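Protein sequence lines correspond, in order, to chains A and B.
Our numbering numbers the first residue of the first sequence as 1 and each following residue consecutively.
Our numbering numbers the first residue of the second sequence as 115 and each following residue consecutively.
No wet-lab data here; the hints were simulated from the structure.
Keep in mind it's a predicted model, so treat the numbers as computed, not measured.
Hints are not guaranteed to be accurate.
The list that follows gives simulated cross-link-like pairs (lysine-lysine, BS3-like), each with its CA atoms no further than 27 Å apart [what the hints assert, rightly or not]:
| no. | chain 1 | residue 1 | chain 2 | residue 2 |
| --- | --- | --- | --- | --- |
| 1 | B | Lys-131 | A | Lys-66 |
| 2 | B | Lys-185 | A | Lys-64 |
| 3 | B | Lys-131 | A | Lys-41 |
| 4 | A | Lys-55 | B | Lys-213 |
| 5 | B | Lys-177 | A | Lys-66 |
| 6 | A | Lys-64 | B | Lys-177 |
| 7 | B | Lys-177 | A | Lys-41 |
| 8 | A | Lys-20 | B | Lys-117 |
| 9 | A | Lys-66 | B | Lys-185 |
| 10 | A | Lys-41 | B | Lys-185 |
| 11 | B | Lys-131 | A | Lys-64 |
| 12 | B | Lys-185 | A | Lys-20 |
Derived list of chain B stretches under chain A, where covered just means 3 residues or more per stretch with a C-beta under 8 Å from a C-beta of chain A [stated by the list, open to error]:
| no. | segment |
| --- | --- |
| 13 | 150–160 |
| 14 | 172–180 |
Even for Gly, the Cβ is constructed at its ideal location relative to N, Cα and C.
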Amino acid sequence: GAVVSQHPSRVICKSGTSVKIECRSLDFQATTMFWYRQFPKKSLMLMATSNEGSKATYEQGVEKDKFLINHASLTLSTLTVTSAHPEDSSFYICSAAGPNTEAFFGQGTRLTVV
Amino acid sequence: SQKIEQNSEALNIQEGKTATLTCNYTNYSPAYLQWYRQDPGRGPVFLLLIRENEKEKRKERLKVTFDTTLKQSLFHITASQPADSATYLCALETGGYNKLIFGAGTRLAVHP
């Protein structure tokens, strides 16, 4: 299947700093990318949907100024957690889909804010 | 709002037996439903997709059924192996291509 690479796999940052997570589709053009977060033993919760070249659509309750999403090319989307706090610690996962393909998931990023 | 429930939080079975996982949903009629496998600390891996006009789909030792009247999908792993131990997630398409909502998952443990 198609490959979606997410980087970094783990990151620890200090409270108040910003962290950027990258999601790349390595062998296909991703017209749409999705960002999820997952708490331990819980379901993946969709945060936002991004289409290349347009603004992301955020799910209800997700602060767009807190979680900045950029989908500048057909192979790259980034999620920036701004002014991170300990409650932002979570497992963040992206998925990418091309036209008429199922979504392929990245390996996830474990964010710990100390 | 849409709601997805996966049967038990954990399922323990003996190697060689068939594992059956359940996914029930309410307040929605999805065009398709997907099953994923997730290992600890990893992203989900796509297993099978079944559309609303399909009753059953198979892939090697995996079988998925989709009953749109009962609003239920069953996921079967036959001849289960310890390597099948993982969390299995069901996901529904919700109002946008590849826009999915996920169940909480069922953690399967296959014992030798």
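We went through each hint and held it up to the structure:
The hinted pair formed by Lys-131/B and Lys-66/A fails the criterion: a straight-line CA distance of about 47 Å is larger than 27 Å. Taking the CA atoms of Lys-185/B and Lys-64/A, the gap is near 34 Å; set against the 27 Å cutoff, the hint is violated. For the proposed pair Lys-131/B and Lys-41/A, the alpha carbon gap of about 25 Å is at most 27 Å, so the pair holds. A C-alpha spacing of about 16 Å is found between Lys-55/A and Lys-213/B, which places the hinted pair at or below 27 Å, so the restraint holds.
For the suggested pair Lys-177/B and Lys-66/A, the alpha carbons sit about 41 Å apart, so the restraint of at most 27 Å is broken. Between the alpha carbons of Lys-64/A and Lys-177/B the distance comes to roughly 40 Å, so the proposed pair goes past 27 Å and is violated. Taking the CA atoms of Lys-177/B and Lys-41/A, the gap is about 25 Å. The hint holds against a cut of 27 Å. Of the supplied pair hints, the one linking Lys-20/A and Lys-117/B is violated, its CA atoms being roughly 31 Å apart against a limit of 27 Å.
A hinted pair counts as satisfied when its Cα atoms are at most 27 Å apart, and Lys-66/A with Lys-185/B does not qualify at roughly 36 Å. Between Lys-41/A and Lys-185/B the CA atoms are separated by roughly 24 Å; this keeps the pair inside 27 Å, and the hint holds. Using a Cα cut-off of 27 Å, the hinted pair Lys-131/B and Lys-64/A is violated, with the two alpha carbons roughly 47 Å apart. Straight-line distance between C-alpha atoms of Lys-185/B and Lys-20/A comes to about 39 Å, which puts the hinted pair past the 27 Å bound.
Only residues whose beta carbon comes within less than 8 Å of a beta carbon in chain A count, and the segment 150–160 of chain B has 7; three or more means the coverage holds. Under the rule that three or more residues need a Cβ within less than 8 Å of chain A, the assignment of the segment 172–180 of chain B is violated, with 0 such residues.
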